[in-house]
Amino acid sequence: MLKLTDVTVRFGAFEALTKVNIEVKEGELVVLLGANGAGKSTIFNAISGLYKPAAGEIEFIGKRVNGYSPDRMVKEGTSQCPEGKKLFPDMTVQQNLMMGGFVHRRHKDQLKTSLEEVYELFPILREKKEHAAGSLSGGQQQMVAIGRALMARPKLIMMDEPSIGLAPLIVEQMFSIIRKINESGTTVLLAEQNANAALKIADRGYVIENGSVVLQGSSKELFHNDAIRQAYIGA
Amino acid sequence: MGKILNQRTVIAVLVIFALVFPLIYADNRYVLHVMTIGFIFAISVYGMNLIAGFTGQLSLAHAGFFAIGAYTLGILTTRNEMNFWLALLLAVLLTSAAGLVLGLIALRTKEHFFAIYTLIVGYLIYLLIDKWDGLTGGVRGLIGIPIPDPIGPLTFESATSMYYLVLAFLLLSIFISVRIVRSLTGRTYIAIRNSEELAQTLGINTRINKLVSFVISVAYAGLAGALYASLTRFIGPDVASTNMVFNFLMYLIVGGIGTLSGPLVGTMLFIWLEQFLRSYQEYHLLIFGPILVLMVIFFPTGIVGGFYKIKAKLQHKKLPKESKYFNPVPEKSTEK
Ligand SMILES: Nc1ncnc2c1ncn2[C@@H]1O[C@H](COP(=O)(O)OP(=O)(O)O)[C@@H](O)[C@H]1O
Ligand SMILES: [Mg+2]
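Going down the list, the sequences are from chains A and B. First residue of the first sequence: 1, per our numbering; consecutive thereafter. First residue of the second sequence: 1, per our numbering; consecutive thereafter.
Hints in this document: simulated from the structure, not taken from any laboratory. Cβ coordinates follow ideal geometry from the N, Cα and C atoms, glycine included. Be aware that one or more of the hints could be misleading.
Derived DSBU-like pairs (lysine-lysine); straight-line CA-CA distance at most 30 Å [claimed, not checked]:
hint, chain 1, residue 1, chain 2, residue 2
1, B, K309, A, K129
2, A, K86, B, K317
3, B, K313, B, K324
4, A, K128, B, K311
What follows is a list of derived Cβ distance ranges for each label pair [to be verified]:
hint, chain 1, residue 1, chain 2, residue 2, range
5, A, E116, B, L93, 38 to 48 Å
6, A, E116, B, G306, 33 to 43 Å
7, B, D149, A, R105, 40 to 50 Å
8, B, L89, A, H107, 31 to 41 Å
9, B, L100, A, E120, 41 to 51 Å
10, A, K180, B, A18, 55 to 65 Å
11, A, Q110, B, S158, 51 to 61 Å
12, B, T109, A, G67, 16 to 26 Å
13, B, V101, A, Q110, 30 to 40 Å
Partial pick of chain A residues on the chain B-facing surface, computed with a CB cut under 7 Å [to be verified]:
hint, residue
14, V74
15, F88
16, G100
17, V103
The following block holds chain A by itself, in its conformation from the complex (with noise of 0.2 Å):
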């Protein structure tokens, strides 16, 4: 379904990504691991087409989608999850999520269904729908964070760091539902720090470090690859 080929992004005389490869398949659950400025929103920025890669090639469901828009990678079926909840803080969770829908503002029924299983996902939004999402606590923020990510129906749902700042209860409740995403259909793509709960639910996982793939295979290879184990889950 996604497939980068050496793909390159430079910031000025920075090279931030150093001829990436990776692949997501129809269906994954992929997980990009690695420590801060290792690269991983770097990777995802440009997926969605915030940042143009230097060189490298990128292709959505066999088309090449190099140099695309953000906005024309939202209607390929591609949706961000950025890092750090970023939510509207003046909007309402409704708003919210209803911005997460602007490519399908024409479709008022397809936005009903979307916004009911978004509720259905997670039903504290539905009670706290006219609340300022600023004013929510930060779980809560990156629910809305994901819901609005959903609302566009993406096929490939990138999510980045939705683990961080969280409390480990919660976290645990985030992955399950990020699971549970995955099994209702949709591809997910991962970047984590928390490598220990991602790997739990990943089918597949690449390493990233300074801008560069060092380490790839299935979850249980890296779950029980030593260097990764003194790396990220410190045991």
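Given the coordinates of chain A, work out where chain B with the ligands should sit on it, guided by the hints.
Chain B with the ligands alone, transformed into the frame defined by chain A:
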């Protein structure tokens, strides 16, 4: 429900007040004139609010567009002796067209670069008017701009009739602003104000949306400028001056940038303050300056925004922390 009724009542009272005002001051041309000027400036500030307050792009070319509207009407009605209403329409259209062209270029820049660029554009418009003697009359200005042509039995010779005409345009302008802001389009603008990148990743074409918002804002300026020309009957290059744009900005900030009633509150407050402080002339800046600074620090969304914040606090509502803006009346139309 109580809240909505409450708000409706306030609006009804204000509209009724505005309607009966000329009856109270029927023989005081000065008071009516000041009110009418205030309404005209408010129309312009509503436009500025749309691009700067709701879309987050601080345009400082607003007085320039105000002047384009004023001069278009002035030139067409004096030189070409065109019908007022046709000239008014053309003034709005021409200003919008100028906004479209300049906006296409201006919106390639972001944030403070956009503010600086538009400031320069505004200044260039001023220079153009000042130097193009043959067309604009240069520093001498344009004199003898006619009052609006009568519509059937309606004539616009008295101060009262001009007052009502401008009031009608003001109400229309406010109505359009409210409709835009409370719609998905308005939320699209607010999304762009919050974060352009985020808006893009939700599938919003930010370039087109910013451009449309800019053109609408400029159309407001053009309309206001044209009405101004017809009211004062005389215009000079200073309608395009940076002084003018900073006045608009001051009305907007003090009234409440990014709020729906802020432009009206700020403009009417200052229009009357300026009248009262007239005898102090340049000293009035000594008073306005510090007010502005304190306002930006303590009430970044002005009198109206501050009012809503205090009200929300009294009702123990939680406010968003990351944003100075606060959407006090979420419209109900999202779930239908
Ligand atoms: N817009 C940008 N401009 C300049 N440098 C950037 C930009 N975005 C990311 N970087 C740099 O690229 C590197 C990778 O960052 P990022 O992709 O955010 O890492 P991660 O998401 O894995 O924490 C970092 O060194 C970061 O400073
Ligand atoms: Mg990151």
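| field | Hint numbers not upheld by this structure, sorted from lowest to highest | value | none
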